[in-house]
Amino acid sequence: MAKLSDLEFLRLSKGKRILYRIGQFFAAIPKAIAGIFIKLWTLIKNCVLAIGREIKDIVTSFIQGDWKTKVSYVVMGFGCLARGQILRGLLFLLFEVVFIGYMVLSGGYWLSMMPSLGKVGPTEEYNLIFDTFVTKYNDNSFQILLYSVLTIFFIIAFIYTWRVNIRQSRMAEKILASGKKLKSGRDDLRSMVDESFHKTLLALPMTGIIIFTVLPIVFMVLVAFTNYDGSHDGYINNLFHWVGMDNFNTMFSWSSANGTQSYAATFGEILAWTLMWAFFATFSNYFLGMFVAMAINKKGIKVKKLWRTILVMTIAIPQFISLLYVSKMFAKDGILNGFLLDMGWIDKALPFWEDPTWARVSVILINIWIGIPYLMLIATGILMNIPADLYESARIDGANPWQQYTRITLPYMLFITGPYLLTSFTGNMNNFNVIFLLTGGAPLNPAASSAAGNVGYTDLLITWLFKITTGADSKYYLASVVGILVFVVVALISLIVYNVLPSIKNEEDFQ
Amino acid sequence: MSETSMKRHMGLKASRTLGNTLIYILLIVISIIWLVPFVCIVLQSFRVESTWQVGYVIPRQWGVDNYVNLFSTNFPRWYINTFITAVCTALLQTVIVLCMSYTLSRFRFKMRKPLMRFMLILGMFPGMLTMIILYRVLKDLGLTQANATPGLILVYIASSGMGYYVSKGFFDTVPKSLDEAARVDGATRAQVLRKIILPLSKPIVIYTILTAFMGPWGDFVFASYISFGNPIGMNVAVGLYSWLTPDQISKSYTMFCAGGVLVALPVTLLFLFLQKYYVEGVTGGAVKG
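Taken in order, these protein sequences are the chains called A and B.
For the record, in the first sequence the residue sitting at position 285 is 285 according to this note's numbering, with numbers rising by one throughout.
For this note's numbering, count along the second sequence from 1 and bump the result up by 511.
Ranges of calculated distance between the beta carbons of each label pair, as one might list FRET restraints:
{"hint": "1", "chain 1": "B", "residue 1": "Arg628", "chain 2": "A", "residue 2": "Lys14", "range": "36 to 46 Å"}
{"hint": "2", "chain 1": "A", "residue 1": "Thr42", "chain 2": "B", "residue 2": "Lys687", "range": "28 to 38 Å"}
{"hint": "3", "chain 1": "A", "residue 1": "Arg167", "chain 2": "B", "residue 2": "Lys624", "range": "16 to 26 Å"}
{"hint": "4", "chain 1": "B", "residue 1": "Leu689", "chain 2": "A", "residue 2": "Ala32", "range": "38 to 48 Å"}
{"hint": "5", "chain 1": "A", "residue 1": "Ile236", "chain 2": "B", "residue 2": "Ile569", "range": "50 to 60 Å"}
Derived by calculation from the structure, the hints in this document are not laboratory data.
We treat Cβ as the ideally placed atom computed from N, Cα and C, and that holds for glycine.
Start from the sequences, fold in the hints, and give me the full structure.
If you want it as structure tokens, here you go:
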């Protein structure tokens with residue numbers, strides 16, 4: 001699509017301008033995708049270059065360093081100890097001792113088992129005392145995979161520490177050569193609450209994130225390449241093994257063995273609904289929430305605080321109560337249908353949760369009930385920040401309220417809440433609570449269910465994932481594949497929007 | 512004022528009054544929609560004549576039987592579990608989130624940007640996926656089923672550092688010149704945080720405690736995984752959900768309502784009481800991303 005100059009753009013009629021803008025947005029997408037790949041390439045290139053620089057530096061340090069530095073290559077912390085930095089030196093040494101001890105005692109075993117994920121499964125063995133066969137449990141695939149990932153993390157940490165130890169030894173050597181004094185252990189301790197205070201502060205949160213988020217995610221990504229499920233749990237029933245790309249092939253194949261719907265088709269259906277849901281849930285809340293905020297903020301409206309308090313009730317009350325209750329209200333024998341029947345407005349109960357289209361519309365509508373209050377609060381804060389003289393001068397120029405809204409309020413809101421819209425869209429894609437508590441995915445989609453458990457018409461990818469793991473077969477490998485695909489979809493959307501919309505590029509712009 | 516401008520003024524006033532009346536009607540309708548479910552749940556919790564779901568709202572026979580019956584079930588246990596979880600989470604999570612957000616807002620170190628980008632990417636993975644492995648690990652540690660409460664606290668707080676966005680947004684607005692002035696006077700970075708920043712951060716501390724406290728009351732996924740069907744270790748969400756399964760609902764529907772009221776009451780009151788801080792946090796956080 002040809003890019004117009006400002007003058008040409010202004011000459012267009014109103015409708016054409018909007019079309020032009022939308023066209024520009026989509027025209028920018030291929031470029032954005034290309035940009036992502038270019039960025040990835042630069043990132044990889046920079047990483048390789050950085051590693052190259054490090055290796056070069058390690059080598060030159062070894063050649064140019066004195067004997068204390070050279071010994072540090074084998075005995076970590078020796079350089080520090082020999083130069084009087086006892087505390088640092090001892091910590092380095094301790095780390096090396098622990099690492100070598102761990103690798104010899106168990107790390108080596110886990111790594112050696114990693115390629116096979118266990119050789120001997122549970123066996124039946126004859127027990128003389130009880131005169132019967134008892135099951136003997138042998139290798140544990142789950143533990144092998146978990147601990148080998150942990151060991152790899154540990155090795156990376158060790159290499160990093162080893163590198164730091166060399167750099168410090170070399171630096172200390174240079175400092176002494178220039179005639180300055182080294183930092184003592186007391187100085188190091190003091191810097192923990194001063195110059196290096198950020199390290200102290202980050203230590204605890206980052207440990208938690210690495211152990212409870214990074215490690216499990218790496219583990220689960222690896223599970224996508226195994227056959228780990230309920231009947232191959234790695235210990236009690238059967239071992240599980242690497243299967244390469246098999247699970248991805250199953251997920252992306254359009255043909256299926258016994259005439260049922262293929263996984264690819266099921267995934268496509270659920271993904272389409274997930275995107276549709278995220279779109280409607282985000283934008284219905286956004287515009288209605290803004291509208292309500294403007295209504296409450298309007299000059300002359302009294303008891304503003306009361307209206308806000310009533311609305312935030314849905315935030316205050318735990319969602320599982322409100323959503324579960326509302327889902328029962330809309331049920332076939334629920335209050336709403338009962339009321340409508342009593343009034344004689346309908347002849348038979350409305351199929352809120354029984355009919356696919358009804359159910360989809362209902363969850364979007366009920367989500368408005370949950371979502372508007374957040375938007376109302378956010379929009380209130382932003383609306384108050386719009387300079388009043390903007391409206392004043394617009395009024396003097398004869399702008400009607402609709403024009404004021406489209407020319408001042410909306411652009412301002414969109415500019416400021418751009419990042420929020422993006423996170424809210426991806427958040428809605430993974431909005432487990434609303435779907436699971438309202439419908440549990442119902443009504444059942446017979447075609448899709450034949451392929452992969454009880455898939456319903458309102459199931460999002462995330463609730464499907466939950467159903468797969470808690471379902472009869474507990475196909476963890478499949479859940480893991482779905483999880484990776486969710487990540488890919490979310491990351492793609494975020495990257496495209498991030499690259500196309502200019503307003504959310506710079507973090508510092510919003511500070 | 513001339514006659515024509517007077518007329519125009521009156522006309523404007525009339526149209527504004529009309530507009531405001533329409534808005535009042537709209538707000539009243541919205542308020543009714545918003546409050547009806549909550550009124551219904553309270554009314555149904557006092558219904559005695561039947562325990563299943565019915566098509567009318569006002570009880571034919573009033574009483575507190577449902578509330579009394581709650582105490583012969585596992586409900587008190589669930590309530591205590593959730594309360595302990597919520598209090599511990601509120602305290603520990605606040606410390607972790609504040610450490611994280613303060614550091615990322617105030618310090619400019621080499622790994623800062625990569626770290627933030629890394630956590631953004633991590634956040635795109637569905638958190639539920641990690642539950643499969645965390646469950647097995649916690650099970651090996653003996654922190655599931657009947658002992659689910661400590662396990663649940665661990666899971667909640669461990670990764671809470673990733674939710675630093677809102678409070679980082681707050682710290683970004685505290686002027687840096689304050690820090691610099693104190694540093695010039697010889698304060699260490701730790702002293703700056705303790706003596707200068709923390710006293711100024713009351714709103715965000717309260718906001719973080721409030722959201723961290725409310726989280727566990729509504730969490731379903733993690734709690735149901737970790738308690739794994741054992742009624743001793745459930746929290747209120749999982750416990751009350753189990754009363755609405757098709758084979759239980761006819762027995763326990765009104766008890767669910769009563770339990771829901773008992774859970775919602777303290778949380779809602781606390782929230783409304785501290786509403787101001789919540790609003791500050793939400794508005795600030797969304798704007799700053």
